[in-house]
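Keeping their order, the protein sequence lines are chains X and U. If you're matching positions, the first sequence starts at 1 in UniProt numbering and goes up one per residue. If you're matching positions, the second sequence starts at 1 in UniProt numbering and goes up one per residue.
Warning: the hint list may mix true and false statements.
No farther apart than 30 Å at their CA atoms in a straight line, the calculated lysine-lysine pairs in the DSBU-like style are these [said to hold, decoys possible]:
| hint | chain 1 | residue 1 | chain 2 | residue 2 |
| --- | --- | --- | --- | --- |
| 1 | U | Lys144 | X | Lys131 |
| 2 | X | Lys5 | X | Lys201 |
| 3 | U | Lys144 | X | Lys5 |
| 4 | X | Lys301 | X | Lys201 |
| 5 | U | Lys144 | X | Lys104 |
| 6 | X | Lys104 | X | Lys131 |
| 7 | X | Lys201 | X | Lys238 |
Calculated from the model, a selection of chain U residues having no Cβ within reach of chain X, i.e. all distances over 10 Å [claimed, not checked]:
| hint | residue |
| --- | --- |
| 8 | Gly16 |
| 9 | Asp34 |
| 10 | Gln36 |
| 11 | Gln50 |
| 12 | Leu65 |
| 13 | Thr95 |
| 14 | Phe96 |
| 15 | Pro107 |
| 16 | Leu118 |
| 17 | Ile191 |
| 18 | Gly207 |
These are calculated hints, taken from the structure and not from any lab test. Ideal placement from N, C-alpha and C gives every residue a C-beta, glycine not left out.
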Amino acid sequence: MIELKNVTCRFGTSVAVDRISLTIETGEVCVLVGSSGCGKSTTLRMVNRLLPLSAGEILVDGENITTMNPEQLRLNMGYVIQGTGLFPHWTVARNVAMVPELLKWPRQRIDERVQELLTLLGLDPAIHAEKYPQQLSGGQAQRVGVARALAADPNILLMDEPFGALDAITRENLQLEMLRIQRQVRKTTVFVTHDIDEALKLATRIAVMDQGRIIQHDTPENILRRPASDFVESLVGKQDRGLKLMSLRRVGDLMQRYPQAAIPEPGEEGVQEDDSLRLALSVMLWQDSGELPVFNGDGAKTGVVTRERIFQAGA
Amino acid sequence: MRAWLPPLMLATLLCGLSAGMSVLEPLYEWVQPDKQQVIYERESFLSLLQNHILLVLISACIGTLVAVAGGIFATRPSGRDFLPLVSQIASIGQTFPPVAVLALAVPVLGFGEAPILLALILYGLLPILRNTLAGLQGVDATVKQAALGMGMSPLRVLLQVELPLAGRVIVAGIRTSVTINIATAAIGSTIGARTLGDPVVAGLVNGNTAYVLQGAILIGLLALTVDSLFEAAESRASAI
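Isolated chain X, as found in the complex (with noise of 0.2 Å):
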C-alpha cells in the first residue's frame, strides 16, 4: 500500500505537485492521468525518491520514505519510463537480470528468472536474450523494459507513461498483455498516462491531476458516470461517454447463456466473453443483426448477446 499525505513539490517558486494525498491499495492499478506538465510524472518520481518531497509524506507499507536508503527503496519497486531506458551496452538478458544482480542473488536462479519473465511477456528467449537493445523494435524494447521491471518480483511498479511512444496497434497489445500479466502477479502499481483510454482500459481507480491538484480519484465508471468538475467531463469526452461505458464491461456480463455450451458451426463469426460491449455493438453495426453467438476461450459456443440487451444495459 502507498499513502500519500498532503505531497507538495516545489521547484523554484513554481509548485508542480500541490499537497495532494492519495491512498493506493495492494494490488491495484492506480492511474494517474492528466495533460503534460500536471504533475502526474512528479508524483511519480517522489514516490522512487528521484525527486525530494518539498512538504508532506509518503509511506510505503506504512514506513516512511523519507527513512528508508532510497537505493533499498527502489529495489523493490519495479520502474519502467517511456523510451524503456534500456542499456544498450548490455544484452537483453543482461538488462533484465540487472536487479536480480545487484540483490546478488545466485547465477542460475537469475537465468531461471530471465527466462521465465522474457517467456511471460511473449518473447522467445532462443531468440531475444542475446540481442543488443538497438536490435529490438518499440514494442520488443518496451516488453523487455517491462520483464527487466518485474525481474526481482517487486512488490511496487511505477510506470511513467510506458506505452507513450508506441504506435497504436503495437500499444494496445501491450495493454491487454499489461492486463494479462497483471492478474498474475496482482502488483501495486502507480501508472501514469496522459490518454484517458488508457487509463479507463487499465485502472482500478484513476486519479485525474490538474495543475498539481488531484481533481477526482475514484473507479473508470464512476469517472465516467459522475465526472467531479468541466475538467475531468472533457477529458473524459462529454459525448463520447457511453461508448466508452460499454468499453469497461464484458460481453458475458450481459449475455443470455446457454445451458449448455454448444459447439459454433463452421464459418459462424461471433465476440469472446472477453471482449467489451463496445466491439459486440461495433460487429452488430457492421453485420447489422440484432444478436451475435458468443464463444468462450476455448472456441465453444456458449451463449447470444442481443442489441437490445446492450440498449438497455450496456451504458
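Given chain X's structure and the hints, the job is docking chain U onto it.
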C-alpha cells in the same frame, strides 16, 4: 586480428629505421651533398625513441587521469557549478603555446625532462577533458534515469553505465591528445630533454637538413604507429 596488422607493420618499420638509419644514407647524401656526415650519430635513435615514447606515455597517463577525473567531477550533481570553470581551465591550457610553458617552467624546474612533461600534460588536457564531458553528457538521460530509478547507486551508474557508454568518445580524445603530443614532445630537445627532436634541433643549428629529416621521419612514423594502434583497439572494442 586483421586490425592489428597496420600498427604492427608501422612499428616494425619504426624500430627497423631507428636501428638501421644508415640504409637510407643515399637519400640523405642526395638531400645534403655538401656534408661529410649525413647520419646523426651523437645518440642512438633507439634510445631517443625510447625516451620520446616514455615522455608521451607518462604525460598521457597523468593527463588522462586529471582530465577524466575533472570531467566526471564537473558532470556530477555536486560539481555541476564548476562545469564552465573546468572547461575554461582546459581551454587556457590549450591556448598556452608549449614553448611558452617551457620558457616559464625552466627557471622553476630546471633543464631536462620535467618542464617538457609539464608542457605536454597541460597541452594534452583539453582534447581529453572536452571528450570526457561530451561523452558523459551524451549518455541518454532516460538510461541514467532508469538506472537510478531501478536502484543503482550513483557510483554504480557511473562505472557500469556512464563510463562504458562514454568510453569510445573519451578514448577518441586520448587518441587526439597523444598524437598531438608525440609531435609536441620534440620541442623538449631545445631545453635538454632527450627526444627524437634532438636530430631536428641539431640539424637546424648546423644547417644539416639530413638530420632534420631523420628526426622528422621517426616522429611521423611514431605518430602514425600510435594512431593506428588506437584505431585497431577501437575497432576491436566495437566488434565486441
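Cross-check of the supplied hints:
With a C-alpha separation of about 21 Å, the suggested pairing of U:Lys144 with X:Lys131 holds against the 30 Å cut-off. With a C-alpha separation of about 27 Å, the suggested pair X:Lys5 and X:Lys201 falls inside the 30 Å cut-off, and the hint holds. Straight-line distance between C-alpha atoms of U:Lys144 and X:Lys5 comes to about 29 Å, which keeps the hinted pair within the 30 Å bound. In summary, the hint linking X:Lys301 to X:Lys201 is supported, as the alpha carbons are separated by about 26 Å, within the 30 Å threshold.
At most 30 Å may separate the alpha-carbon atoms for a hinted pair to count; U:Lys144 and X:Lys104 meet this at roughly 21 Å. Distance hint between X:Lys104 and X:Lys131 is fulfilled; the C-alpha atoms sit about 23 Å from each other, no more than 30 Å. For the suggested pair X:Lys201 and X:Lys238, the alpha carbons sit about 17 Å apart, so the restraint of at most 30 Å is met. Taking the minimum C-beta to C-beta distance to chain X, about 40 Å, the non-interface status of U:Gly16 holds against the 10 Å cut.
No Cβ of chain X approaches the Cβ of U:Asp34 within 10 Å, the least distance being about 61 Å, so the stated non-interface status holds. No Cβ of chain X comes within 10 Å of the Cβ of U:Gln36; the nearest lies about 61 Å off, and the non-interface call holds. Look at U:Gln50: its CB is around 37 Å from the nearest CB on chain X, clear of 10 Å, so calling it non-interface holds up. Under the 10 Å C-beta cut-off, the non-interface status given to U:Leu65 relative to chain X holds; the minimum distance is some 23 Å.
The beta carbon of U:Thr95 is kept farther than 10 Å from every beta carbon of chain X, the shortest such distance being approximately 35 Å. For U:Phe96, the condition that its CB be more than 10 Å from all CB atoms of chain X holds, with the nearest at approximately 37 Å. With a minimum CB-CB distance of about 49 Å to chain X, U:Pro107 clears the 10 Å threshold, and the non-interface call stands. Its beta-carbon lying about 36 Å from the closest one in chain X, U:Leu118 satisfies the requirement of being farther than 10 Å from that chain.
Every C-beta of chain X lies more than 10 Å from that of U:Ile191, the closest at about 45 Å, which supports listing it as non-interface. No Cβ of chain X approaches the Cβ of U:Gly207 within 10 Å, the least distance being about 56 Å, so the stated non-interface status holds.
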